[in-house]
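Let chain A serve as the given structure and place chain B on it in line with the hints.
As given, the protein sequences belong to chains A and B, one line each in that order.
Numbering-wise, the first sequence is residues 1 to 299 according to my numbering.
Numbering-wise, the second sequence is residues 1 to 299 according to my numbering.
Everything labelled a hint here was simulated from the structure, so no lab data went into it.
Any given hint could turn out to be false.
[Unchecked claim] Taking CB as the label site, the calculated pair distances span:
id, chain 1, residue 1, chain 2, residue 2, range
1, B, G170, A, S204, 39 to 45 Å
2, B, T275, A, K33, 32 to 38 Å
3, A, E271, B, K48, 52 to 58 Å
4, A, E19, B, K205, 31 to 37 Å
5, A, S66, B, T275, 42 to 48 Å
In this text, a Cβ means the ideal position worked out from N, Cα and C, and glycines have one as well.
Letter by letter, the chains look like this.
Number of protein chains: 2
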Amino acid sequence: MSLNNWESSREEKVSEIEEILKSYLPKQEGFQKVILEAMEYSLMAGGKRLRPMLMLETYRMFGGKSDIIRPFAAAQEMIHTYSLVHDDLPAMDNDEFRRGRRTTHVVYGEDMGILAGDALLNYAFETAATAFEMEPESAPVIGKAIAILAGKAGVYGMIGGQVVDVSSSGRQIEREKLDFIYALKTGALIESSMMIGAVLAGASKDEIRTIERIASKVGLAFQIQDDILDVTSTTDELGKPVHSDEKNEKTTYVTLRGLEQAKQDVEVISEEALTLLEGLPVANPFLTRLLRELIHRKK
Amino acid sequence: MSLNNWESSREEKVSEIEEILKSYLPKQEGFQKVILEAMEYSLMAGGKRLRPMLMLETYRMFGGKSDIIRPFAAAQEMIHTYSLVHDDLPAMDNDEFRRGRRTTHVVYGEDMGILAGDALLNYAFETAATAFEMEPESAPVIGKAIAILAGKAGVYGMIGGQVVDVSSSGRQIEREKLDFIYALKTGALIESSMMIGAVLAGASKDEIRTIERIASKVGLAFQIQDDILDVTSTTDELGKPVHSDEKNEKTTYVTLRGLEQAKQDVEVISEEALTLLEGLPVANPFLTRLLRELIHRKK
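Isolated chain A, as found in the complex:
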């Protein structure tokens, strides 16, 4: 696939996800209209849509053909978005810009920022649960997917990582703790994305376990690349403030390992993920390429 073809094919995939997200957004009416607006404002602010994309493509790789993947793809992006909305709050990272736009609490007020995050998290489960009505006969596998969605987003997943990240801010931490933060804060949602794709498509237990390992490596590589871009990119290119790690005195792969070693880490870990992916009895060229592109991403 040429670079141009690849980029237009990736844009198509993003449009597909935007369309899915829109179809699950609540109608903006009623006394509580302001929160429905705030949810849309934060959810439709663009972004790479990496998590739903990984979910959809893993689902397709294992031969999934049903629409029940759609509410889960939307739910995953809602969870990712809520975590950003709450991360940006004054009591957390206190960020005023995200993806080139004012953050949710800046536009709607801090109280609505808290409630919009809560609403998105809750609505993720509300959305995922619509799959039960779509395909009642798949209830057991939908149940498994919901358990993964919740588990990887919670205290043993993303939130656990955020907690350690927040409480480590402004102090040096060791490699073990940094890996814990990265595995949970970033890795966990990548894992659930790919695992849910596999589970809903009927992959075997062994295949799901391999997918989890792949995703874990992808998540780590992705986060280290984030550290790298924070020091090598510009605010314009990235659509968010650079050097924020330095400002927040955060330990990152770049501060712990140095820029060149961090770059090499990304390459090594990504290659490990791709090798595992190639070992599977199924394949999806788009997914393979997507994981490969993560190494070279500029934003």
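Chain B alone, transformed into the frame defined by chain A:
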């Protein structure tokens, strides 16, 4: 049942729920220990445990006998608790005391207050989803219960009510909006509690609809009683600051309807709920008594 018997029987039910909650609390270990502590601090702070109690007793009324009700009872109380934790935040009601103890963000910091609320909401769904593994053959009905749990807690339920409540603070509102706030902010979780009990016990669609109507009236009566206690009780009795509505310039049933009319409203609405309850083909004397006591509660 004599008053003494009733009170000891209600205490037993509370102990049963405390035991269920404890059994679902995450172990306090790992780098993220602080959030697990904050979750326990807020969840185990006492309280009436009204929602899980209503769920368990409705489940029993419809002949439910399985343990799958346990994770749902815990999940419901986690959702109720997260909403209190976030409600108490400085950007929301800014309350420093709750149930006679310092609020979660006062003890653990504002960032951890936000994250502990998120963690409890997420863990609620994680907990409820354990029911799929407990009883795989009940997956369809468990799926329905999860949809109700999420739906009633979200933007068309509790959060919707909180949003309108927060944005109405400090200004006079009309009866229609007040009823909307009460139906959603307080009513919705009472509804899901009783509905989930009915659904998991295999009640019919008509019965579930009647239960929803009963719960809606119970929720409204409960909230009006809250308004009444805020002006008639003392901080010692209530375990939280009184006159908080006046402080926050909130429109309540007492300010809109006057104290005596509000008291009468509680009686009328509660009697309507009890009449509907008595019309069901099943009965649970404890549940009937519990709903009756709500009228006369002092805290």
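These are the hints, each one checked on the structure:
Range check, G170(B) to S204(A): Cβ separation about 58 Å, and the 39 to 45 Å hint is violated. The given range of 32 to 38 Å is respected by T275(B) and K33(A), whose C-beta atoms sit roughly 35 Å from each other. For E271(A) and K48(B), the hinted distance range of 52 to 58 Å is satisfied, since their beta carbons lie about 57 Å from each other. For E19(A) paired with K205(B), a C-beta distance near 33 Å keeps the hint of 31 to 37 Å intact.
Under the hint 42 to 48 Å, the C-beta atoms of S66(A) and T275(B), about 45 Å apart, fit the expected range.
The earlier numbered hint that this structure contradicts is number 1, and it is the only one.
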